[in-house]
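K.L.:
Here the protein sequences come in this chain order: B and R.
For the first sequence, the numbering used here assigns the number 57 to the initial residue and increments by one for each residue that follows.
For the second sequence, the numbering used here assigns the number 12 to the initial residue and increments by one for each residue that follows.
Bear in mind the hints are in silico, worked out from the structure with no lab data behind them.
One or more hints might be untrue.
[Stated by the list, open to error] To give a feel for the contact side, a few chain R residues facing chain B, derived at Cβ under 10 Å:
#, residue
1, Ile-114
2, Gly-120
3, Ala-124
[What the hints assert, rightly or not] Here are the in silico distance ranges between beta carbons for each label pair:
#, chain 1, residue 1, chain 2, residue 2, range
4, B, Val-267, R, Val-224, 56 to 64 Å
5, R, Lys-131, B, Gly-175, 55 to 63 Å
6, R, Asp-177, B, Ile-281, 43 to 51 Å
7, B, Met-57, R, Glu-289, 26 to 34 Å
8, R, Gly-30, B, Val-165, 35 to 43 Å
Every residue gets a Cβ at the ideal spot worked out from N, C-alpha and C, and that includes glycine.
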Amino acid sequence: MRNICVIFRKQVIDTLKNKTILIQFLMFPVLVIIMENAVKIENMPEHFFVKLFAVMFIGMAPLTCMSAIISEEKEKKTLRVLLMSNVKSAEYLIGVGSYVFIMCAAGTVIFAIVGSYSGVELAQFIMVMSVGIVLSELTGAVIGILSKNQMTAAGVAVPVMMIFSFLPMLSMFNETIKNVARITYSQQISDIINNIGVSGITAENIIVITVNFAAAVALFTAAYIKQFSAINRV
Amino acid sequence: MRKLNGSIKTSKISKSFSGKTVLKSIDLDIKNGEIFGLLGPSGAGKTTLIRILTGQLSPDSGNAFIGGTDIRKITGRERRCFGITMDDFGVYERLNCYDNLKIFAGIYGLSKANIKNALKKVGLSNAEKTAAGKLSKGMTGRLKLARAFMTDPDILFLDEPTSGLDPAAAAEIHKMILEEKRHGKTVFLTTHIMTEAEKLCDNIALLNDGKIVEYGKPKEICRKFNDKKTLKIHLTDGRDIEIPLDKNSAETVAELISTGKAETMHTTEPDLETVFMEITGKELFA
Numbered sequence: 057m058r059n060i061c062v063i064f065r066k067q068v069i070d071t072l073k074n075k076t077i078l079i080q081f082l083m084f085p086v087l088v089i090i091m092e093n094a095v096k097i098e099n100m101p102e103h104f105f106v107k108l109f110a111v112m113f114i115g116m117a118p119l120t121c122m123s124a125i126i127s128e129e130k131e132k133k134t135l136r137v138l139l140m141s142n143v144k145s146a147e148y149l150i151g152v153g154s155y156v157f158i159m160c161a162a163g164t165v166i167f168a169i170v171g172s173y174s175g176v177e178l179a180q181f182i183m184v185m186s187v188g189i190v191l192s193e194l195t196g197a198v199i200g201i202l203s204k205n206q207m208t209a210a211g212v213a214v215p216v217m218m219i220f221s222f223l224p225m226l227s228m229f230n231e232t233i234k235n236v237a238r239i240t241y242s243q244q245i246s247d248i249i250n251n252i253g254v255s256g257i258t259a260e261n262i263i264v265i266t267v268n269f270a271a272a273v274a275l276f277t278a279a280y281i282k283q284f285s286a287i288n289r290v
Numbered sequence: 012m013r014k015l016n017g018s019i020k021t022s023k024i025s026k027s028f029s030g031k032t033v034l035k036s037i038d039l040d041i042k043n044g045e046i047f048g049l050l051g052p053s054g055a056g057k058t059t060l061i062r063i064l065t066g067q068l069s070p071d072s073g074n075a076f077i078g079g080t081d082i083r084k085i086t087g088r089e090r091r092c093f094g095i096t097m098d099d100f101g102v103y104e105r106l107n108c109y110d111n112l113k114i115f116a117g118i119y120g121l122s123k124a125n126i127k128n129a130l131k132k133v134g135l136s137n138a139e140k141t142a143a144g145k146l147s148k149g150m151t152g153r154l155k156l157a158r159a160f161m162t163d164p165d166i167l168f169l170d171e172p173t174s175g176l177d178p179a180a181a182a183e184i185h186k187m188i189l190e191e192k193r194h195g196k197t198v199f200l201t202t203h204i205m206t207e208a209e210k211l212c213d214n215i216a217l218l219n220d221g222k223i224v225e226y227g228k229p230k231e232i233c234r235k236f237n238d239k240k241t242l243k244i245h246l247t248d249g250r251d252i253e254i255p256l257d258k259n260s261a262e263t264v265a266e267l268i269s270t271g272k273a274e275t276m277h278t279t280e281p282d283l284e285t286v287f288m289e290i291t292g293k294e295l296f297a
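With the rest of the complex left out, here is chain B (with noise of 0.2 Å):
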């Protein structure tokens, strides 16, 4: 647990010095402020912009810094270093994850306050976001896992990262988008943040998330197991 709490107050330090990364914890959630109270427009929907912007944020936000940050520890060769010291390769994912998932937490709070959500409305809203957090969070770890440095983690985590982000949106534009869209776990939160308030969530959604949950997970599994054993083949 200790190993974890000093990843963890790394990463605290380290990204108020990182600006990359810093911004995007930020980007959406002040967007959403900007855009909220600055844009009004006659029958555009309610909150249209936090429904819009909550979605691209967890798309966006846990992927790229997951990626970005343990990429960057991997080129370093400071993840070395704390493996070296005893710190365990689980240790050190749970606290970058624990960090990113309490920033882009922090980035829901905004979202849910901006959106005036309360109740069980709130309970829904952070729940998915939540879900879609760690979806997000669990790609952006196998993309940096299997990356050997930050230009090969990015090279790879913006394509990804505009699917799950952007797809989303497009498809409010174009039904065989949305088609498409409808296989990825960032359509189906975006489906249940829209429908807050109106329905409920429908099984669709829950079997496209679990999917994509159980083939995050295994892909991260498979990426751990990969990396952390090839560190005996240097």
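Using the hints, position chain R against chain B.
P.N.:
Positioned in the frame of chain B, the structure of chain R alone reads:
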């Protein structure tokens, strides 16, 4: 936590990567409190051996013991008795020196005083608020040493500790290493700088293509090759000549002296570089 005695013993350690043998049957016997130097050109297998001894790699065959304990049985907590700096170990560039060490102090359960002491030991007290990314190469090397010294380890594994440093920075690090020896620490260092090994090490091993080709005290190794002694003569016309120091050269020397052509002359003993070249036909810096 059990403390480890600083002795290191290896028996027939071998390691291959993708079919290429990197270490072949390495036998070492390093006493507690000794500075041991592993010399060899790049790619000789020095870093691989350190990685095996510090638990970063498993040997394909053979055994290694640290303080009498099989390295495979050394626990993560016991590895706290090791201070390790590898050439490729990184630092957190955005964090300052103090925060860099604070991470590891947190992992090892050390106090602020330990961090301050470690920084003082390596002469970085004045730079504790400087971001590691803004340090010179020499200072970064010292920060890595501070990280290794912080736990007050019994054994220091230093992989090319002065690689790429200017002579003044290297001399500072030599001083720190000798200071650690004075405190009874065992130091296992790899280097390709023969003068460093001659200056610091009680014993050395010359590693070539994964095999130890010479092992012993630096002076004794050089003495074995005394037949390679030469006579360096500075002539009055400004030229320098070097001739073997044997009876066949007696006539030449006598003639140079009698004709007044020799201004100065002195014998040169073979150094480790010469010895290495003699044994392997390669240069240490290759």
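K.L.:
Hint by hint, note whether the structure agrees.
P.N.:
Results of checking the hints against the structure:
{"no.": "1", "hint": "Ile-114", "in the structure": "holds, 5 Å"}
{"no.": "2", "hint": "Gly-120", "in the structure": "holds, 7 Å"}
{"no.": "3", "hint": "Ala-124", "in the structure": "violated, 18 Å"}
{"no.": "4", "hint": "B:Val-267 / R:Val-224: 56 to 64 Å", "in the structure": "holds, 60 Å"}
{"no.": "5", "hint": "R:Lys-131 / B:Gly-175: 55 to 63 Å", "in the structure": "holds, 58 Å"}
{"no.": "6", "hint": "R:Asp-177 / B:Ile-281: 43 to 51 Å", "in the structure": "holds, 44 Å"}
{"no.": "7", "hint": "B:Met-57 / R:Glu-289: 26 to 34 Å", "in the structure": "violated, 57 Å"}
{"no.": "8", "hint": "R:Gly-30 / B:Val-165: 35 to 43 Å", "in the structure": "violated, 56 Å"}
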